[in-house]
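Heads up: the sequence shown is residues 1 to 393, going by the numbering used here.
Since the hints were derived computationally from the structure, they do not count as laboratory data.
Incorrect hints may appear among the rest.
Mimicking SDA-like on lysine to any residue, the simulated pairs with C-alpha atoms at most 20 Å apart in a straight line are [claimed, not checked]: (1) 361 to 106; (2) 9 to 82; (3) 9 to 354; (4) 40 to 138.
Predicted model only: the values in this text are computed from it and were never measured.
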Amino acid sequence: MYDQVSFFKFNKTTILVSFPHELNEIINDWNELRKCMLKKMPKEFTRDEWAYLITFLDKENLNGIFLLTFGKETPSITGKARLLLKPLGDVSVWLPNNVSMLGPLMLVLLTLTGNNVHIKAGTRSENLTVIFRDYILNNLSAGVLRTIMAQSITIEEFDRNDDRNIAMARCAKTRIVFSSDETAMAIESLPHPVDSHGIYFTDKQSEVWAEIDAVDDFAVETLIKVFTIFGQSGCTSPRRVILINGDEKSAIYFKKRIVDLWPRDMSRDIPQHIASENIMCWQWAKALGWDVALTYNNSSVIAAGNINLPECKSHMFLPIVWANRSDLSSLLPANIQTVGHCLNDPFDISWLNIISESNVKRYVPIRKMHHFGPVWDGYAFFRQLFEEVEILE
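Please work from the sequences and hints to get the whole structure.
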């Protein structure tokens, strides 16, 4: 039963959104959990991951999802009612193997839709989605959010050939897949309801654009924090930093600032296999012609060099290159997703022209490169988790 209705004002019309639970109660429960999260953290999460989750659960952020999607919440119908939106019923999500934080973030968003949710966790990364779900159940003794977690969320871990993939596709009105192009095609080919649809987030890359005179120590520290969360694994992590109208000297200087400001407390407990990989990457990059340095405790590899140099395919390798502004469009990879900017005037029309003529899906400050919201890869995917019923007078 969808007996709770919230009203949202969009221009001069009202959008009605129906839920099985009171929306504000869910958001308030997330806020209560947030207080617990400030006191204790599961050992499987890093401090940066946990801090990001706490920030994501801020009331203003969760309410902002609805503001961006449906408009400002209003206590009743004002003006004409045009749409009634209701949960689709069943939503299935296939998470990637390489970005374990995506699961907890999706979990938060999906609790706000009123759908029954089936999640396949990645099999080659820490299952933070289950760990976070269990944390919620262990720290909320009552409330709507606890009920949703216990009754409406299913999280399983199995491989790509398991028959449970078929069951997930067959029941879902929406299939959300974060994976390779090949996996997305395989999921799409599974039997599914005729009136269902798929939302596929496939292989993407991101990068940073920076003007050297716009970069201060705070910007460098922000870049470090953003890069260390996922390294090269996340689609929103910078694959490289491009210094606009820079040169070799400015790239080497920028590399040195990153190495000098790299936080030692964050790099004390680097696993041996990662440190070893970084030492190998350092040797490899040096042989390829990069001006290269290891950060504290061999925790990452920072390199400066010409944009045409071959890159090292290593998890914690961050190249600093330079290019003219006029060449940026031609240098963007075909699967570009996010450009994180550190520019003197990022909304100058010349920058916006480059973005509008490209395949860029997100153009954001560096600190927001990992920000996850109701629009992703150019899809207003959150809205697509509701069925729309047209209302005419």
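Hint numbers contradicted by this structure = 3
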